[in-house]
Every structure is written in structure tokens, then in C-alpha cells.
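**Student:** These are the residues of each chain, in order.
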Amino acid sequence: MSSPFISAFKTPDLRKKLLFTVAMIAIYRLGATMPSPGVSYSNVQKCIERVHNSSSAGIFTLLDLFSGGALLQLSVFALGIMPYITASIILQLLTVVIPRLEQLRKEGQSGQAKITQYTRYLTLGLAILQSSAFVALARSGQLFGNQCPEYPIVPETKLPMWLTVLALVITMTAGTGVIMWLGEMVTDRGIGNGMSVLIFTSIAARLPAEGQSIWQTSPYKFIAVLAIGILVIGFVVFLEQAQRRVPVQYAKRMVGRRMYGGTSTYIPLKVNQAGVIPVIFASSLLYLPQLVIQLMGQKATNNSVLVWIDRHFVQHLNDPFYVGTYFLLIIFFTYFYVSITFNPTEVADNMKKYGGFVPGIRPGKPTAEYLDFILSRITLPGAIYLGIIAVLPNLFINFVGGNKQNFPFGGTAVLIIVGVGLETVKQIESQLMQRNYEGFLR
Amino acid sequence: MMAFAYTLIVLLVLTSILLTMLILLHRGKGGGLSSMFGGGVSSTLAGSSVAEKNLDRYTVLVGIIWFACIVGLGLWMKLAQNGAS
Numbered sequence: 001m002s003s004p005f006i007s008a009f010k011t012p013d014l015r016k017k018l019l020f021t022v023a024m025i026a027i028y029r030l031g032a033t034m035p036s037p038g039v040s041y042s043n044v045q046k047c048i049e050r051v052h053n054s055s056s057a058g059i060f061t062l063l064d065l066f067s068g069g070a071l072l073q074l075s076v077f078a079l080g081i082m083p084y085i086t087a088s089i090i091l092q093l094l095t096v097v098i099p100r101l102e103q104l105r106k107e108g109q110s111g112q113a114k115i116t117q118y119t120r121y122l123t124l125g126l127a128i129l130q131s132s133a134f135v136a137l138a139r140s141g142q143l144f145g146n147q148c149p150e151y152p153i154v155p156e157t158k159l160p161m162w163l164t165v166l167a168l169v170i171t172m173t174a175g176t177g178v179i180m181w182l183g184e185m186v187t188d189r190g191i192g193n194g195m196s197v198l199i200f201t202s203i204a205a206r207l208p209a210e211g212q213s214i215w216q217t218s219p220y221k222f223i224a225v226l227a228i229g230i231l232v233i234g235f236v237v238f239l240e241q242a243q244r245r246v247p248v249q250y251a252k253r254m255v256g257r258r259m260y261g262g263t264s265t266y267i268p269l270k271v272n273q274a275g276v277i278p279v280i281f282a283s284s285l286l287y288l289p290q291l292v293i294q295l296m297g298q299k300a301t302n303n304s305v306l307v308w309i310d311r312h313f314v315q316h317l318n319d320p321f322y323v324g325t326y327f328l329l330i331i332f333f334t335y336f337y338v339s340i341t342f343n344p345t346e347v348a349d350n351m352k353k354y355g356g357f358v359p360g361i362r363p364g365k366p367t368a369e370y371l372d373f374i375l376s377r378i379t380l381p382g383a384i385y386l387g388i389i390a391v392l393p394n395l396f397i398n399f400v401g402g403n404k405q406n407f408p409f410g411g412t413a414v415l416i417i418v419g420v421g422l423e424t425v426k427q428i429e430s431q432l433m434q435r436n437y438e439g440f441l442r
Numbered sequence: 001m002m003a004f005a006y007t008l009i010v011l012l013v014l015t016s017i018l019l020t021m022l023i024l025l026h027r028g029k030g031g032g033l034s035s036m037f038g039g040g041v042s043s044t045l046a047g048s049s050v051a052e053k054n055l056d057r058y059t060v061l062v063g064i065i066w067f068a069c070i071v072g073l074g075l076w077m078k079l080a081q082n083g084a085s
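For the record, the sequence lines run as chains A and B. Residue 94 in UniProt numbering sits at position 94 of the first sequence, with consecutive numbering throughout. Residue 32 in UniProt numbering sits at position 32 of the second sequence, with consecutive numbering throughout.
Quick caveat, the hints were computed from the structure, so don't treat them as lab data. Mixed in with the good hints there might be a few duds.
Said to hold, decoys possible - For each label pair, taking beta carbons as the anchor points, the in silico distance ranges come out as:
id	chain 1	residue 1	chain 2	residue 2	range
1	B	Leu75	A	Ala26	20 to 26 Å
2	B	Tyr6	A	Val425	47 to 53 Å
3	B	Asn54	A	Ala23	17 to 23 Å
4	A	Ala23	B	Ile65	17 to 23 Å
5	A	Lys114	B	Tyr6	53 to 59 Å
We treat Cβ as the ideally placed atom computed from N, Cα and C, and that holds for glycine.
Sequences are here, hints too, so could you generate the full structure?
**Tutor:** The structure is reproduced here in C-alpha cells:
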């Protein structure tokens, strides 16, 4: 296991890439712990401690998961990558609705670059909205559920209040921009996809603290959770790697005096073609009712609809309604995302163009139908598996009594960690392969 | 001391805006969600141009000033609070 590591570091440009990625991660973590100007670090720490001890339902738990604990500390990078994810989701959904975006997507590289640019603008717009919302929530004390009124998070200084608040909002917005840039730099010059590496970092950064809090309740529980976690990780790795190989035979053809083709390959259809994106979509959507309740505050007690939502979607995250909706949403989004990313007609057309065919199936439309049939059947177990893994922590809340969504060894966290880890290792391996070294994965 | 704080906070606001602008000027390399979380294999091997390199340099420079402003303001706040209590 260690020899690929050594050879990875012996290769000069791979070493450079790895070190660059590590440096970017270090900057990211530094910014995530540094309090924004105007925020009292000691007061925030006291509030966090109190909220943890009272074990009330943390409202922004999922957001906090993605930002690696930076959100509740109101640090410079408090918003994390969430605005970028939200912006990507919005644009991804809009491509289905708006014909112009659909056209851009089909245009290939240049169109894709334009969509990315739109995503960047939208990210900053969302960042301004979210940062002002969080600063407002923090100032009114609602961020911590009104539990620590005597410790103001943004205390009075000699500077006028409006200037402090303005600086806070603008700093957080710029921080989001910086995170976006860090991610792009990692994608460009480092290893792996920058955004997912950053999410990976912030989730991994939480694990020790979560583990410790479980350890403190009881060591036996900790060992049990660890065992379950390892099982779940094994299961996730197994299913992430699973794929169906549809054989493709290429016809031999003569170009001039040279012979081309005649090879047989396969199209890998992964069981979970969509990755963890459905889980992120679904949890982002389910976080909306919590946000509404939070913003309505006291008014929520009068409206019967809001009370119902509050009872089933906010108070207890192991409520059957919540778990059921989450599960169904994940299945829906898995199919949705697979249909966006994998287009059987396009694949079939491409195969036909280069003289390829699936043995026993005629090229063109029948092949497309065949691929579609296989894909929709293979996605079903994939979707159910995603749903089960994501819902797992909600079912285990009673057993562990931990911190709801933050339950470290199940659900979104494990999916993201394993998914990103596999992807990154594969990329390192492909770099190693170019120089004929043996890789990590066999 | 007040003049120092005012300078810092104004500088912070200015650098934040500048930094955001500079970052938006960059060519997006994220590729959106499609390449995220193992969605697909896509790698663009295009090297960065000279303009992009200069842009990088300016962004890093502004970023360092921005960072320094935040740290400076944080220190000032701590000192001011200790003086008050």
C-alpha cells in the first residue's frame, strides 16, 4: 500500500500537484476558523457550547456540515461552498426549463464555459443574500435559537454599527468568492475536482469532534458506531465501483492502406451513475422548510400548516414523514440526474458513427432503446441504495443520540467522503499509470 | 486608534469588492456539478494564458491584503474590548 505513495511523491509534477492541493486545503481550513471582523470569537464559542449542551435541534446542521463547522462560528469562509452548490443546482434545473441554456449545454465546451460563468455570477449573488441573512440572524440571536442573549455575537464597538455589518457581509461574500477560486485552482493545478475536495475537507474536519462527543457518551457506543461505519463504508465502496459492462464490437475499416478498429470494448454503466448529487439536491430541498420556520419565528405558532410542517419536518428528523419524503426525493433526483448526464440516443449515435454495435442489437434506435432499458433498470437499485444510505442516520438517531444530520459514519457524509476519495485516488492512479507505476486500486 | 480602525475597515471593504471582481474575471474551471462527485471524467488540459497568469498574481496580492485587513481588525477588536472591560 505504501509503495504507490512513495512513487507518487517521487514523480515531480505529481508531487507538485499533491503539495499544491494540500496548501489550498490548508488555506481553506485557516479561513474557516478565522472569525470575521466584528464577530466576537469568545462569545460565539460560549454560544456554541451552550447549544451543544442543550442538545436542541440544530437548525443549520446540514449547512454546517458542508462548511465544516465554519458557519456557526461566523468565520470568513462561513458560507463555504454551499452557495456554489446551490447555484449549480439551480442552473442544472434551469437547463431543462430554459431552451437557451439547453442550447448552450449542447454546444459543447464553449457553451459549458458560459454556463460555468453564469454559475459563478449566481454564486456571488446567492452569497450576498445568504451572508446578509446570516448576519441578521446572528445579530438578533436566532442563529443559536435565542439561547444566549447575554453574549452578543456582534458586540458594539466604537465603529458605527452599520459599517461593521456592511464589512461583515462584504467580507463573507468575498470569502465565498475566494473559496470558489481555491476550488477552481485545485481543479486546474491540483488533484481531483476542487469543489468536492473542499467539501471532503470540511466533512473530514468534523469527524474527530463528532467521534469525541460519541466517545464521551459511552465508549461502547463509539466502538459500535465505528464498526457500523466501517461496514457502511465497505458497502458504499462496493456499490460505487459496481458497473454493468455492455459489450461493444467495433467493425474493422480501411482508411487508405491502414486497418482501423476491429476491437471489442464495453460501455461501463455504473449502478450509481449519479454519484451523491441526488442526496445533496434532496437535502438542500428539505432544508427549505426549516429555513422558513426559522425565518417566521414566533408567527409560526398561529398557522396550522406551519405547525404541521414544524412538527414533522423540523422537530424530529426521524419522523416517518421526513424520512419518507427524503427517500422519495432521492429516488426522484437519481433518475432525474441520470437522465440529464447520460443520453442513450447520443451514445448510440456516436457508436454508429464509428462503426460500433452491441452484439445482437441493431445500431441506431434499437441500441438506444436497449441502453435506456438497461440504464433505467440498473438505476433502481442504485437509487434505493442511495436513499437507504442517506436515511440511515435518521433511523439511528434514537440509538446514538448524536447530532442529527452530523452523524459522522452514515448518510451524506460517508457518501461524499467515499465518492470523492475514490475519484481522487483514481485520478492519482491515472497519473501514475502514465509512468508505469503500480496503482492503489487493483 | 480610531483612525487606524477606520482605515482598515474601509480598506477591507474596498479589497473585498476588488477581490470579488478579480475572481469573476477568471475563466471558470469548475465545470459545474457534472464533473463533481464522480459524475464523469472530464479533464481540460489547456494551459493558462499570460493574461490569466497576471490575473492570478493580482488576485493573490489583493487576497493577501484582504487577509491582513481581517487579521488587523480582529486584533483591534480584541484590544478595544480588553480596554473597555
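**Student:** Broken hints, numbered, in rising order?
**Tutor:** 5
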